[in-house]
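Asks: Quick note, the sequences are listed as chains A and B, same order.
Sequential numbering of the first sequence, starting at 5, is according to the working numbering.
Sequential numbering of the second sequence, starting at 20, is according to the working numbering.
Don't take every hint at face value.
Straight-line Cα separation of at most 25 angstroms, DSS-like style, residue types lysine-lysine; simulated pairs [what the hints assert, rightly or not]: (1) B/LYS350 to B/LYS153; (2) B/LYS274 to A/LYS571; (3) B/LYS243 to A/LYS373; (4) B/LYS96 to B/LYS364; (5) B/LYS216 to A/LYS41; (6) B/LYS401 to A/LYS312; (7) A/LYS619 to B/LYS96; (8) B/LYS228 to A/LYS243; (9) B/LYS228 to A/LYS619; (10) A/LYS239 to B/LYS216; (11) B/LYS281 to B/LYS350; (12) A/LYS619 to B/LYS241; (13) B/LYS219 to A/LYS41; (14) A/LYS308 to A/LYS265.
Hints are computed from structural coordinates only; laboratory data are not their basis.
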Amino acid sequence: MRRVIAFLLMGILGIPFADVHAQRRPSSGNKKPPASKIPKGNGSVDWGPVTKVDAASLQHVRDVAKDIDRFIASDLIRNQQQPNPRLSDELFVRRVYLEIGGRIPRLAEIGEFVTSKDTRKREKLIDKLLSSHDYVSHTYNYWADILRLQDHPINNNQIAQPYHEWIKDSIRTNMPYDEWVHTMLTAEGRIWENPAVGFAMRDSNMELDAVDNMVQVFLGTQIGCAQCHDHPFDKWTQKEYYEMAAYWYGTRTRVFGGDKKRFPKGNPLTRLRNELKKMDPEANTGGQFSRMINANMFASWEQKRTLKLPHDYQYDNGKPHQPVSMKPIFGKAETVKNAKSARGVLANWMTSADNERFATNIANRMWHKAFGMGLIEPVNDIRDDSVPANPKVLEILTEELLSNGFDVREVQRIIYNTRTWQSEATPFDPDPTVVYRFQGPLLRRMTAEQIWDSLLTLAVYDHQSFTRPSMDGLAAVINLDLNSASATDVNRAMDDFNKKFSPGAQRKITRDRNYYQGLTLARASELPSPLPPEHFLRQFGQSDRELIETSGRSGSVSQVLTMFNGKITHMMLERGSLIYDTVLSAPTMRDRVNAIFYSILSRPPRSSERGVADKEIKAAGNAGYGNVIWALINTKEFLFIQ
Amino acid sequence: MKNAIQKLDRTSRRRFIEDMAKAAFGVSILPVSESLFGSAAQAASPLAAINKAEHVIYLMMNGAMSHIDSFDPKPGKESGGETKAIQTSVPGVKIGEHMPELASRMNQLAVIRSMTTETGAHEQGRYLMRTSYKQIGTIRHPFLGSWLTHFEGKKNKDLPGSVVIGGGNRHPGQGYLSPAVAPAPVGNPASGLQNTKPPKYLDEKNFEKRRRLIGQFESNFKSKYQNSDVKAYSEYYSEAVRLLKSPDLGAFDIKQEDDATKEKYGANRIGQGCLLARRLVEKGVRFVEVEHGGWDNHNNIYESFPEKAGQLDAAIAALMDDLKQRGLLSKTLIVLSTEFGRTPKINQNAGRDHHPGAFSAMLAGAGIKGGQVIGETDEIGKSVEDGHCYPYDLNATIAYACGLPWEEEFQASNGRPFKIAHDGNPLTELF
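Here chain A stands alone, though its shape is the one from the complex:
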């Protein structure tokens, strides 16, 4: 493999890519340099294989992409607008890695693409990236923002990581979107037995809010206002909200310790604490001991439960405390009777092909993700009278989902293959008073995760190898039958948990493996959530995962300070970082400057830029390379996706 890369690099850069591990620093003389502090990664990725995109459907993808281009083009002509210029290979390879893989491409990856003479190389690269772990990581970040994925949501005793791993697995195996949503809406059990219950757990004990959230996420529709009164701007009444919420009202997520039927031997928390006290009067019955028991109190199941209108209900179509019957906010659903699961009916209705808004919502979201603007805006407020910017295009994408069995990745594949997407970003702010016709994507700053993962790509040899310590095997350790478990069982669970799964144990694993100056060097998808507000990712706009889609892309003074002086920037200038080693292994100044520009901006230097870089390096020697690297990372060209 290295020979192949070496060959490719010779091709574009003329760099003989020696084994940099063995390479001596040119200026180090006889003194042996100190060991590098930057972790390299061991190359093992334990994510499991990614399901490949379907080679057989490629012609169909091309055809649909062409259809979309045709409708966009005629709309542009009708409005006397021009499409933006087609992306050059260099801009394309950068954009496609960022938008599908969530990071900038590496030197060798650029080389491979730019030097290829294959006329189908763009669609091949799109397919390769859609079938990569990079795609899994990047897509996970997208959903983590929408689904508000926190390690301990609502309550510190809840352990949600198995759910997060399951979401990554669903992306990796390309689970059909309707099946994915259906599974989340109907899952039962404890989270380590059935991780999809994490969805219900996220709004534990907040059944009304949960419905508002799921309608917003999966139907792009705002009914939240109607929780307390008829919606002032849309058509929803408070009664309709309650009728919709009635489906979810029986979804329980937390066992009540005082439930005598469930716990005939008494509240397990009290019983086990007393037992422990008897065994050892000095023992701490709170803390971890209680946490083990409490973690087992979380489970999802359904019970018969009737929702009633609130005590202050003020409209004529119902009375306070009047029970409401189940009814979806639009369309038709099966009747819930006898043993039929109410949320099963809800899930069937939600994900049904008849519920067009379910498909429209995700089609519109995928378009928004690719272009920075939805065909309907805002993406979370679709109404009956919303007019898409290009109705035909939204219709094509929606139809595609309905006919391909909700293969969302296939829809992304189509979008990325359009000439429309492969256009340069629009070099000005679109006028907010007129409809945007999609002459190309909007110019956007990278997301916080894209910046972080890109910096990791520049610095760490195997940026992909540091996955989050897995929760595999958690069930065997933590699962307790709360009626029969003894205090000794709880103690054993606690000890085993602390060895492998507790936050402390996880920190130790990462500290030994991929720490640099107090920072865990792993892709954004592999870090705890939420991160503290001062973390690099939060500074650049990662959400605290409290509310749906609250990540941001705007700048600030603190971001600039972090890029100027932060640890991550300076890691680039240290021996042992990939970019540093790569640059110094190139033989001539010309090769080195090329390597710096390609690595950071995915393009060669312009002649004027080369002049500036050469002058700087001649004046400052090796430190000059560091100054050029530092300056390029601090350009806006690095931060924005063209």
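Dock chain B against the given chain A, drawing on the hints supplied.
Replies: Below, chain B without anything else, positioned relative to chain A:
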């Protein structure tokens, strides 16, 4: 110039303003620039000369703080929950028992018990509270800190005009105003502004050289992309450099305070936030917002509320005393606010749910007549009985206190008219 604009008919006026804006800024959103509305800054409120607030410290309780357990207790009623009322230093005025320090300083502060808002959704509620406008997709409105800097200018040219401490994302920031008046975010008040120290090897000369390199390497990109986000980053770069060179950079470092002071404010987020706010105001920052979360008490409200409210109580008391001692309280308006209230009813999880119908706010400092309670709620704390105060009224009050032209109407490039505090009217009786 202003008259000329007003004389134009609606369509051509819009075009005229757009053209002006494009000529001046190259963007289609109109920053209200002094050159266009030169007279606006002078159209100050009547109390301008007397006791104008030069600074604002705005404490934003994220998550919706219960009014019934803080400033609007309902002792003896079921809705009152476990919170008892205590006597304050003002006869006849009682507040919740978790705020004894504020109770003893009631004569210096004013409480509004008739706050009411339009939404029970957190993000939308906060947006409305900060900007006076509903959150919509096509335009972002400025928060008051940016308005203040916009009209009054920076007091200390090296430091940001406004700072948001402990902030989450999606703060409206400067909205459609220039990035030059954007707030600077500080994540954790204890660590202050991070990354202000360059590595040892990087002396000033070297740093300057690196900055020049940035400029040379990005000139192409900058001339190609005229987007406002790109321009905003240029602003942040300049501001960051000014800040790094400023002798007042230490204002961001609360470690420089002595232990007794730190203890007085409290070794917790809100205490440290207030202490940092005081240091920044001292060095001339106009507007400091301190965000403090954890008030969304759907579950077990009395497990966390007393402690949190106690920390808040101590922090505000320390802030008031400290500002007073430094002669800054008369120039600094302190505002405590939240996005909405919480239900009188305690739910099955021993918590309180969202309640936009009624909540409380508190003001102190600059020009505020202490010992007042404005408005009241019904006997269970559900509805406002008297003197509804909307988020925009509170903002108009702050604008009024700062001498900002709250009555003036401006026009955005899309033709929409807007005001600093929307249709809000200041509660002049507070002053």
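Asks: Could you grab the alpha-carbon distance between B/LYS228 and A/LYS243 and see if it respects the 25 angstroms cut-off?
Replies: violated (66 angstroms)
Asks: Going straight from one Cα to the other, do A/LYS619 and B/LYS241 come out at no more than 25 angstroms?
Replies: Within the cut-off at roughly 22 angstroms; holds.
Asks: Run the distance test for B/LYS228 versus A/LYS619: straight-line Cα separation, threshold 25 angstroms.
Replies: holds (12 angstroms)
Asks: Is B/LYS216 within 25 angstroms of A/LYS41, Cα to Cα?
Replies: Distance of about 21 angstroms is within 25 angstroms: holds.
Asks: Hinted pair, alpha-carbon criterion (25 angstroms max): B/LYS243, A/LYS373. Please report holds or violated.
Replies: Within the cut-off at roughly 23 angstroms; holds.
Asks: Check the hint pairing B/LYS219 with A/LYS41 against an upper bound of 25 angstroms on the C-alpha distance.
Replies: Holds - the C-alpha atoms of A/LYS41 and B/LYS219 are around 18 angstroms apart, at most 25 angstroms.
Asks: With a cut-off of 25 angstroms on the C-alpha distance, tell me whether B/LYS281 and B/LYS350 pass.
Replies: holds (23 angstroms)
Asks: Keeping to a limit of 25 angstroms between CA atoms, is the pair of A/LYS308 and A/LYS265 held or broken?
Replies: holds (16 angstroms)
Asks: Between A/LYS239 and B/LYS216, is the straight-line Cα distance small enough, at 25 angstroms or below?
Replies: violated (55 angstroms)
Asks: Does B/LYS153 sit within 25 angstroms of B/LYS350, going by the straight-line distance between their CA atoms?
Replies: Violated, at about 30 angstroms.
Asks: For the pair supplied as a hint, B/LYS401 and A/LYS312, confirm whether the alpha-carbon distance does not exceed 25 angstroms.
Replies: holds (20 angstroms)
Asks: Is the Cα-Cα distance between A/LYS619 and B/LYS96 25 angstroms or less?
Replies: Outside the cut-off at roughly 78 angstroms; violated.
Consistency note: the structure conflicts with the earlier hints numbered 1, 7, 8, 10.
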